[in-house]
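For the protein sequence lines, the chains are U and X, in the order given. FYI, in this note's numbering the residues of the first sequence are 1 to 146. FYI, in this note's numbering the residues of the second sequence are 147 to 563.
Rather than coming from a laboratory, the hints here were simulated on the basis of the structure. There's no promise every hint is true.
Here are a few chain U residues that sit away from chain X, every Cβ distance over 10 Å (derived from the structure) [to be verified]: (1) Gly-2; (2) Leu-3; (3) Pro-30; (4) Asp-43; (5) Ile-68; (6) Ser-84; (7) Ser-93; (8) Asp-112; (9) Thr-124; (10) Arg-125.
Partial selection, computed: residues in chain U whose CB lies under 8 Å from chain X [as the list claims (entries may be wrong)]: (11) Leu-6; (12) Leu-9; (13) Tyr-10; (14) Cys-41; (15) Gly-42; (16) Cys-66; (17) Thr-67; (18) Gly-101; (19) Ser-120; (20) Gln-121; (21) Phe-122; (22) Pro-123; (23) Val-126; (24) Cys-128.
Ideal Cβ positions, reconstructed from N, Cα and C, are used throughout, including at glycine.
Chain by chain, the residues:
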Amino acid sequence: MGLEGLNQLYRQVVLDAAVDQRYRGQLLNPTAVQLAHNPNCGDVLELQIKVSDRHITAIAFQGQGCTISQASASILADLALHQSLESMQTRISQFQKMITGKESVEIDQLGDASVFSKISQFPTRVKCAGLAWDALEQMLKNNQFD
Amino acid sequence: MSKNQFRDDFPILNNVKMNDEPLAYLDNAATSQKPQLVIDRISRYYSYENANIHRATHALALKATDDYEQVRDQVRHFINAKSRDEIIFTRSTTESLNWVAQRWGEAKLKPGDEIVLSILEHHSNLVPWQQVAKKTGARLRFLDFNQEGVIDLNAAKKTINAKTKIVSITQVSNVLGSIQPVKELALMAHQVNAIMIVDAAQSVPHFKIDVQNLDCDFLAFSAHKMLGPTGVGVLYGKSELLEKIDPEFFGGEMIEEVSKNEASFKSGALRFEAGTQNIAGVIAFGAALTYLQKVGFDKIAAQDRSLMESAISALQNRSQVKIYGSADPANHTGIISFNVGEIHPHDVSTVFDLDGVAIRAGHHCAEPLMNRLGVSATCRASFYFYNNLDDVERFLIALKDTEDFFNRHPSKESSNG
Ligand SMILES: Cc1ncc(COP(=O)(O)O)c(C=O)c1O
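If we strip away everything but chain X, and leave its shape as in the complex, we get:
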């Protein structure tokens, strides 16, 4: 039995059964679980601290404003942004990416300009750009990846050219777990005066991000994948660029002065946050960040590594199992996509479900990647630092149950008619 010191902080991991079995939660790439202190923080805010923020004229509102704004500072330090004005709170990665696509992409692109994405992208970093391309006449181009699931930089050198205006890439694939060379791509983008956008939804929860070091122009992530509540996202944007963008929503909170015919807007990120925000969510996200920092990225990386090494080496001995992406456990970021022989992923995940092991089956919002891999779907198990070797064991037992059941009852996926 491996003791994991963090498990006790997560009520769901200790108290919940799924299909009468103790829960082994391996769907962390979809959303992480929440520690008690994050849950309590939401409750505390609504129980004792609830007030609207900004323009405070009483002590309660002042405290709520301070707490909310303090999380902006926390996020700033968490990703090493230059200024707090570069941190915009949104609802999610999806909203952050759509925001950049519309506010920057639609405003700046012209027919013939090129947007460079990769074939690995989550639909959230693909569909918004398809829309922008349709509206502006810009063209989408796609970077391919190698055996390791990593974007090929030599090919990228040819694809990123004088016509390129935007490069938008996921830092970690939500299907393969592979880590992408976004810093190198940012350099290439800047050499042709394009901007670099990073979808960090899967990377920020797992390793230290330094936006100044990456030198990206925008970076997006979601609180809910890193112990925080749902409905809170972050968009980092370099000040020089944000200054060139007009606000898109107008109303309370974001204005400086309003007369009957004119309004002036607040500066920095605040002018993009119109109306009453998800105050409880942002404040609880602050608690999640504090907790994550206490855990530390060294520990998170070590646990990712140990879980991936043990799971992948066990899977490599199972002749029916095919793992997608790298053979190197260090290039998986807690994520393993696989298939079991001809058994359909949805049938596999049902066996896991009945065994109390939560994994995901499907296209994982990355259909172009599925096509590239030549499959319609995969199973995906995704781990976080509170998972332990017992979870890996449960995973392997469910896998054996899957193989046993379907080998005894061969109803192979008789696909393609």
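Extracted from the complex, chain U is given alone in its bound form:
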């Protein structure tokens, strides 16, 4: 398996996204903040968003994590910026279905995030890929954003 598996898991898009600095850090006056924790490895990620008129107008994350969780957070941030909360809800649920590989789903709206479409072949990394998405899902659940 070795190298072939590695190349499949760590696509260039993933490696690039993992070092992408554009969404790293904190927002001034975020509308909502959410911590996500991966109990398997102890990684912690904090996601912040600013919402106006039910659209995400700014997004940032910070924390320590592996290549997969950091890349996935960057890709999510890039995808979520300027999107409506409703459309992100749909995408989150598409993404979550995609990474567990339990059912085939439309991934046409996932953009770069579709790079994780084969992650279910690496079950020990599914949680890493989902971390930021779970955080955003929690945020949408816990806040009214009116």
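Put chain X with the ligand on the given structure of chain U with help from the hints.
Showing chain X with the ligand alone in chain U's frame:
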């Protein structure tokens, strides 16, 4: 090629592939593999010997009772306890430690009393004491360790004082592999009339334990880390102390006599084992102990030593690798925690996984220790006597693959925002 005479006894080591590669199992601190004879013992019990134990009125039950109770004698000799009544079967180290925390800690501690732990403890020997402290108003105090990953006895002398009622320490760190001076700590504890509890989950599999020599009051370990099945643990407790503890569960097996309004309880360890026990597990644990004794701790120590010397000296030549704990292979007990440059441990362990090498990445249930080391996680490779120099070689190849891949594709851990 180094021949290891024990490998053939472990079916998983010879027959199983992981990600299409032969398995190199280096996660022994999490759980050891099981020799065929232990697996067969479980099967034999259920196939031909299955019966409930104690209060036997037929031959089958009598044999099951004898076999179960014989393991208690075996464990007693294995750790040199004074009496078989001092050996209680539990489900795990975790259950054993919780048991002492609740049955002794909660019952005896008062506000202002102190419980002394170390910063190295596995969560199983930390969280139960946090709960006890909350309930009783007792205070937790922590011993630090030195460069070698060993608790500093001079500092301990100051921390263990007249307020100390309990000292509970791991004998071998599950992260650093370093061996702790529990005998000296027991002496300090007793000088202030505190009791000494030893978490022996990582030590009992690797070297001879003599509870009378250590003079500890309680000692806990798990069968599954020493070739036995999961779901069986041991709690050793000095008779004088166990006699002062009331049973916590009531029901079958543990009673002497029951009338409508009263019950009297069996004596010794038996009164703490209420209800039907993990009979198959305990009996198979007996087979594991017999096997371990045949291997012998001299051989186990020699193999630990040779594997640690070869792995650590190779790692010391890898500039990107940082080893945590002692530089001395003798102070690792088969365990090496490390990081590879800025590469996240979880990414490292995935490369190893794909190469068929099973290691662990994470906080290893020791978050305070991770904080103390200034990392959020480490990789951990842990060896046992059935590992050989080929496994070390596989480990080093996986390490090289990790370095090659991530140096070619630098996606450094861009942490902390
Ligand atoms: C030092 C130490 N204490 C306690 C435990 C808990 O053992 P168990 O999970 O068998 O209860 C472990 C196992 O990882 C350990 O390494």
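Hint by hint, here is what the structure shows:
1. The beta carbon of Gly-2(U) is not kept farther than 10 Å from every beta carbon of chain X, the shortest such distance being approximately 5 Å.
2. With a closest Cβ-Cβ approach of about 7 Å to chain X, Leu-3(U) is found to fall inside the 10 Å limit, against its non-interface label.
3. In this structure Pro-30(U) is separated from chain X by more than 10 Å, as the shortest Cβ-Cβ distance comes to about 14 Å.
4. Residue placement check: Asp-43(U) does not keep its beta carbon more than 10 Å from all beta carbons of chain X (closest about 7 Å).
5. Its closest Cβ contact with chain X, about 7 Å, brings Ile-68(U) to no more than 10 Å, contrary to its assignment away from the interface.
6. Annotated as non-interface, Ser-84(U) keeps its C-beta farther than 10 Å from every C-beta of chain X; the closest such distance is 27 Å.
7. Separation of Ser-93(U) from chain X is adequate, the least Cβ-Cβ distance of about 25 Å exceeding the 10 Å criterion.
8. No beta-carbon of chain X is positioned within 10 Å of the beta-carbon of Asp-112(U); the least distance is around 15 Å.
9. A cut-off of 10 Å between C-beta atoms contradicts the statement that Thr-124(U) is not in contact with chain X; the least separation is 7 Å.
10. For Arg-125(U), the non-interface assignment is contradicted: its Cβ lies about 6 Å from the closest Cβ of chain X, within the 10 Å cut-off.
11. With a least beta-carbon distance of about 5 Å to chain X, the hint placing Leu-6(U) at the interface is held under the 8 Å criterion.
12. Interface hint status for Leu-9(U): upheld, as the beta-carbon distance to the closest one in chain X is roughly 7 Å, under 8 Å.
13. The interface hint given for Tyr-10(U) is met, as the beta carbon of that residue sits about 6 Å from the closest beta carbon of chain X, less than 8 Å.
14. Interface hint status for Cys-41(U): upheld, as the beta-carbon distance to the closest one in chain X is roughly 4 Å, under 8 Å.
15. Proximity of Gly-42(U) to chain X holds as hinted, the smallest CB-CB distance being about 4 Å (cut-off 8 Å).
16. For the restraint placing Cys-66(U) at the interface with chain X, the shortest Cβ-Cβ distance is roughly 4 Å, inside the 8 Å limit, so the hint holds.
17. The interface hint given for Thr-67(U) is met, as the beta carbon of that residue sits about 5 Å from the closest beta carbon of chain X, less than 8 Å.
18. With 8 Å as the threshold, the beta carbon of Gly-101(U) stays out of range of chain X, its nearest partner Cβ sitting at about 17 Å, so the hint is violated.
19. Given the 8 Å rule on beta carbons, the hint for Ser-120(U) is violated: about 14 Å separates it from the nearest Cβ of chain X.
20. At a threshold of 8 Å, the smallest CB-CB gap from Gln-121(U) to chain X is about 10 Å, leaving the interface hint violated.
21. Checking Phe-122(U) against chain X: minimum C-beta separation of about 7 Å stays under 8 Å; hint holds.
22. Nearest Cβ of chain X to the Cβ of Pro-123(U): about 10 Å, over the 8 Å cut. The hint is violated.
23. Hint status for Val-126(U) relative to chain X: violated, with the closest Cβ pair at about 12 Å, above 8 Å.
24. Here the hint on Cys-128(U) is kept, as its CB sits about 7 Å from the closest CB of chain X, short of 8 Å.
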